Structures are given as structure tokens and as C-alpha cells.
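**Q** Sequence:
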Amino acid sequence: MNSIGGYFELELNNYGTLYHNEAVALNSGRNALEYILLANNHYKKIFIPYYTCDVILQPIRRLRLNFAYYELEQDLTPRIKNLGKNEVLLYINYFGILYKKIENLLKIYQNVIIDNSQAFFAKPFKNIPTFYSPRKFFGLPDGGFAYVHRNINVKLERDKSIDRFRHLLERIENGPEQGFNFFKTNEKNFDNLPLRKMSVITEKLMLNINYKQVLQIRNENFLYLHKYLEKSNELTPIIENEKINGPMVYPFLKSGNGELKKKLIENKIYVATYWPNVLKSVSKNKLEYYLAKNIIPFPVDQRYTKKDMEKILRFL
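Taking the working numbering, I'd label the letters of the sequence shown as residues 17 to 332.
Distance condition first, Cα-Cα at most 30 Å in a straight line; then the derived DSSO-like pairs of lysine-lysine:
no., residue 1, residue 2
1, K228, K176
2, K284, K270
3, K327, K279
4, K296, K284
5, K213, K142
6, K97, K296
7, K101, K61
8, K300, K200
9, K142, K61
10, K243, K327
11, K171, K142
12, K97, K302
13, K259, K117
14, K152, K270
15, K61, K117
16, K117, K60
17, K152, K228
18, K243, K309
19, K278, K323
20, K213, K171
21, K279, K152
22, K116, K302
23, K101, K60
24, K204, K277
25, K116, K247
26, K247, K323
27, K284, K200
28, K284, K247
29, K322, K278
30, K117, K322
31, K97, K139
32, K152, K323
Quick caveat, the hints were computed from the structure, so don't treat them as lab data.
Predicted model, so just to flag it, every value in this text is computed and none were measured.
Whole structure, please, built from the sequences with the hints as guidance.
**A** Listed below in C-alpha cells is the structure:
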């Protein structure tokens, strides 16, 4: 029974959608992958790219599933020929811009799991297991979505998020620098997070998001940067073969970008490395090493305007 009266809660809008209303709402992206693997327990081996964050291995190892790595071609497609009947390929929608690549991929491989952690706005292909990590796109404490054509026969507890807000609140109150250590602690806590349903508070926060507006801003910022960077960006052939729709970042690839990245961070333009573990796990002559060292993922999200994009460009 709902309470009436008493003190107020946070004032949140309700736009009536989680965007992925047909998906199973869970408590993290990697747990969404675990849910998919549990729902497809006939898979005996999974192929994952060298070019990925190593946390992807956590659910795979928990389920004691055999795995192997594959390399990427220059156009970011898998360098792998055939899959066995009980083998599956995990493919990442890098930077949220590879919809057509995935469309073509599904014509080649029968068993595929799509990692849309970097592509929140990419709708899933029919009957293709797909997972999402919404906190990479929004100010959320946790959350994940899984699309499966059969649910697992286990009743999941609902998660609680109340202890995962410190970094979000610190950023508002004191800025990103003050909240960064709390952010890292929160990220580390996901390593041991049990598979559960999305918390009530994360769900409420997601209902509060104006997805149409977010999508528009991300597209506009991405295209604005691309207008100025297309001639020097080594990923331009890939970008221009795709329809941009809600990207996570603008990926700028150019040899020698390591120094530029340092300069940006020194000037409080915080750009990530995708991914530090790749620089340790592959040899320097591999494409994956080159990507990890030289891609600068410029923020294009809903927090920023054309003026912010101009500020970024001034450092190039």
C-alpha cells in the first residue's frame, strides 16, 4: 500500500519509458551478459575481441564458459572464419556507430551476442541476444538491459542502489575531481555485484530522462565535431558508411594522439582510454594496440553544447 503524506522524496518527472521497455531490466551491463548466457546455456564457447574492457570476462568466468579471443580487421569487423554449432561470437557496437556493420555481420554468423554497452539508442535486431549498460550514457548508479528470446527460470531479487550515489552527488556539489575516487570505488564494486533486477531508484531515474532530447544533442555534437575532423580522422570511412544515431562518443583516431590526450586532460577535458588493459595484453604491432593508444573518445553527450565542442576543437 502506497503511503500518503510525510516528507518529500526527490522530485522526478515521469516520461513513461525506460527506452528499452521490452528488455529484462537488470543491475549492470555485465550482469545483463550473464543473464543472456544463462538463457542460452547451450553455448559451450564464446569468442570475444581483444579490443574490449576486461570486465567482460567476469560473467564468462563465473559461468565457467570456455572463451577465446579474436582480432579485428581494419574496418572493425571480426577476423574469424567459422563458428561451431555451440559457439557464439560476442561483437561490440564500438562507440555506438556500427549499426550497418552489425547488420552485415548477422548475415555471416549464426550465433552472435551484441554488446550495445556503447550504443544505448541502437535497437536490437530480432531474436539476437543484446545487452546494454545505461550508466555509460546517463547519470545513474547502476543498471543494465538484456534482450533474450527466452527468460531464465530463476526469480531474481530487486537490487538496492542507495549506497551507489556518492560519486554522482559529489560531482554536482564539488566537481568531477572531488568525486573521481568515489567513482572508481563504485566501479570496483561492480566486480562482485550479484545478478539482480534493476533497482526501483534506477528505474525511476530512467523514467525521468527525455530520450528524444538526449538523442538529438548527441547526434548534433557528433556531427559538429566530424565536420571539422573528418579529413584527419582515420575512422572517417567507417563513420561515413553509417547512419549516426545516439553515439556514445566521437572516436577520433590519428597516429600520435597520445600526447594530445595528455594535453586535453591537463586542461580538464576528460577523455577515456578504450581500454588500458588492451595496452598490456596485446603486442605493439597489433591493430588493437594502435586503437587503444590513439583513439580519443571526445564527449558529445547531452551535458554539452556547440560551445563545448568548439572548446575541444581549439586544442587540436
